[in-house]
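**Q** Here's the letter readout for the chains.
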Amino acid sequence: MAESNSLLVIIRHAPYGSNLLREGVDTALVAAAFGQPVDLLFLGQGAMALLKEQGSGAPGQKASLPTIDMLEMYDIEHLWTTEESLAAIGVPTSMLRNDVQFLKAKAMPGFLQQYAQILNF
Amino acid sequence: MAESNSLLVIIRHAPYGSNLLREGVDTALVAAAFGQPVDLLFLGQGAMALLKEQGSGAPGQKASLPTIDMLEMYDIEHLWTTEESLAAIGVPTSMLRNDVQFLKAKAMPGFLQQYAQILNF
Amino acid sequence: MLHILTKALNSDAAHQMQQAVGEEDIVVLTEEGVQAALKTHWEGWQAYQSRIYLLAEDVAAWGLNTAVTANGLPTVDMNGFVTLTEHHPQIVTWY
Amino acid sequence: MLHILTKALNSDAAHQMQQAVGEEDIVVLTEEGVQAALKTHWEGWQAYQSRIYLLAEDVAAWGLNTAVTANGLPTVDMNGFVTLTEHHPQIVTWY
Amino acid sequence: MEYGLLVMGAPYTSPAPHSALRFAHTLLAQGHHLSGVFFYHEGVHNASSLMAPPQDELNLHDAWIELHRAHNIPLDVCIAAALRRGLASEAEALRHGKASFNIDAPFELTGLGQLLTLQQRCDRFITFA
Amino acid sequence: MEYGLLVMGAPYTSPAPHSALRFAHTLLAQGHHLSGVFFYHEGVHNASSLMAPPQDELNLHDAWIELHRAHNIPLDVCIAAALRRGLASEAEALRHGKASFNIDAPFELTGLGQLLTLQQRCDRFITFA
Chain D
1 MAESNSLLVI
11 IRHAPYGSNL
21 LREGVDTALV
31 AAAFGQPVDL
41 LFLGQGAMAL
51 LKEQGSGAPG
61 QKASLPTIDM
71 LEMYDIEHLW
81 TTEESLAAIG
91 VPTSMLRNDV
101 QFLKAKAMPG
111 FLQQYAQILN
121 F
Chain L
1 MAESNSLLVI
11 IRHAPYGSNL
21 LREGVDTALV
31 AAAFGQPVDL
41 LFLGQGAMAL
51 LKEQGSGAPG
61 QKASLPTIDM
71 LEMYDIEHLW
81 TTEESLAAIG
91 VPTSMLRNDV
101 QFLKAKAMPG
111 FLQQYAQILN
121 F
Chain C
1 MLHILTKALN
11 SDAAHQMQQA
21 VGEEDIVVLT
31 EEGVQAALKT
41 HWEGWQAYQS
51 RIYLLAEDVA
61 AWGLNTAVTA
71 NGLPTVDMNG
81 FVTLTEHHPQ
91 IVTWY
Chain S
1 MLHILTKALN
11 SDAAHQMQQA
21 VGEEDIVVLT
31 EEGVQAALKT
41 HWEGWQAYQS
51 RIYLLAEDVA
61 AWGLNTAVTA
71 NGLPTVDMNG
81 FVTLTEHHPQ
91 IVTWY
Chain A
1 MEYGLLVMGA
11 PYTSPAPHSA
21 LRFAHTLLAQ
31 GHHLSGVFFY
41 HEGVHNASSL
51 MAPPQDELNL
61 HDAWIELHRA
71 HNIPLDVCIA
81 AALRRGLASE
91 AEALRHGKAS
101 FNIDAPFELT
111 GLGQLLTLQQ
121 RCDRFITFA
Chain Z
1 MEYGLLVMGA
11 PYTSPAPHSA
21 LRFAHTLLAQ
31 GHHLSGVFFY
41 HEGVHNASSL
51 MAPPQDELNL
61 HDAWIELHRA
71 HNIPLDVCIA
81 AALRRGLASE
91 AEALRHGKAS
101 FNIDAPFELT
111 GLGQLLTLQQ
121 RCDRFITFA
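Residue numbers (our numbering), protein chains in the order written: chain D, 1 to 121; chain L, 1 to 121; chain C, 1 to 95; chain S, 1 to 95; chain A, 1 to 129; chain Z, 1 to 129.
The hints are all genuine.
Computed, partial: chain D to chain C, Cβ under 10 Å:
(1) Q45
(2) A63
(3) L65
(4) I89
(5) G90
(6) V91
Here are the computed distance ranges between Cβ atoms for each label pair:
(7) D:P109 x Z:H33: 24 to 34 Å
(8) D:P109 x S:W45: 14 to 24 Å
(9) Z:E108 x S:E43: 37 to 47 Å
These are computed hints drawn from the structure, not numbers from a lab. All values derive from a computational prediction rather than experimental measurement. The beta carbon of each residue, even a glycine, is placed where N, CA and C say it ideally should be.
Okay, chain D solo, but in the shape it has when bound (with noise of 0.2 Å):
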């Protein structure tokens, strides 16, 4: 991820709680379509969207599952979180996907100064 134009998106907001999630993916999305390298960051609420059983969607809402396995299509493959968001929300590592990788709180100013760009949602 040295590349000068390597992208972070920062999920924070809780799938359905609002289109937070939505939008911060879409938006990797198009950055991947567009040839830039891009990783998913799920802070806090964010985190909500890895669980491995959230898939049935909000009533009337579109779930969440579709549009996160969407971005290993689109080769986005770095899926991270941190310790100290799961132990916020309560969800141990095993409710997770599989896919997810794990930071420690302590590195986050260090991880986040690898990309050029980032986005926070």
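Use these hints to put chains L, C, S, A and Z onto chain D, whose structure you have.
**A** Okay, now just chains L, C, S, A and Z, sitting in the frame of chain D:
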């Protein structure tokens, strides 16, 4: 406040952060204009609206102080808050308007039950 | 009185609701509020025992069915939610 | 990196920002974030000393001029805010 | 029983309109009566006739109209909250010199008095926000 | 320097549009250049031509147009975020069978690619939300 149509308007969001303070106060004013007995309770961030110094208004936005002052013109005399709310936002009572009345959080369930109707903003 | 919480437990809305709930009051957790299923140590589960419910449809939507079953938490479906409102003239939403 | 906080200190946004701020980073508190003027015990004041600012226009709007003066807190006006952004290619808003 | 609903969340931003719609259909199915729905704060956006979500998502504007058609439920929108947010009926658009409008029957622009009247008239009044 | 702004807050609900406008005028006054403003999420409501706030409040739609006229700043609106929220240009209204529209030049409906291009082209990119 034993009247069968008494209304409590609860303000829980800060001035300028959203339009909820304004929309809550407008509701109280209309209720008063209709002759309905109405009190206001400011909780958490909502208590920011009770600052004496509150007045200039966010740049480009209308100030909230004149809106609060209107309450008195409509004979809405009871502006309540809780000591816990003030502690949470770090506001000493010396910074508040003089017409504010205090409630202990412990007394809140009984307080709410006095009202026939409650609207939460 | 019936209280509806639509936000997560660490929100201002949740803290304010906790101060407002009286001894005979009922609590229904909806929307983001169903995340409480992941916090079995939350004091509300103890304080409002047998008068607090998670809205079942929202639990399923948020991917929390397994957590609710594993933790044996009380749910109510939309039909049950309406029935609860029949019994409580005062209904307050914390959002 | 420059961090902009637009929400109150007890928000998720504030907690997440606190984890993200590096040792050379700058913090600007705007909109609801200026309520930090009332929390002189907030650890951010110590942790980001000489690299944290309250946006002056928002301080005045929120009725906090007296608190800022009494507590001797650092402010920057909109002109100064723009100048700060000149010195930091990466700018992240926490909301 | 007589129910009234207050909707304060915007479609596609807040789940509140979805919850309100499900609650409305459920209470009607149980034989209760719904006196009206009042849209306030960001909830006024539910009334926009220009809403055009992707085809695989529920069109909330249309869902409210369907509720109205099936059960004759009044759909009242706070006029002050609506106008500042860019929602206007034909009459209001004309009054404000606007060339078009986006609020149509059965949605009706009305004052806050309507909210208070609805609350007083109903046995149960529930906020979705 | 070359600046770009992303606005995600709705007028009259979030203070973000006000902050963004003040920031824009200040950076221009300092001699910087503003490449464009992109409206996303609830920020798309800034583009509504039907907005009619009370006379003693700033009309944000008009304030953005004034910024455009004075400095020729492009005002881009995310088309997907706009359509689901009830904002449409004449062309999009036609395409979706709507009788009226509420987005007009200088506001332009565009894709998310425009957001990414703007961010890459600018020396500084700032989110107001």
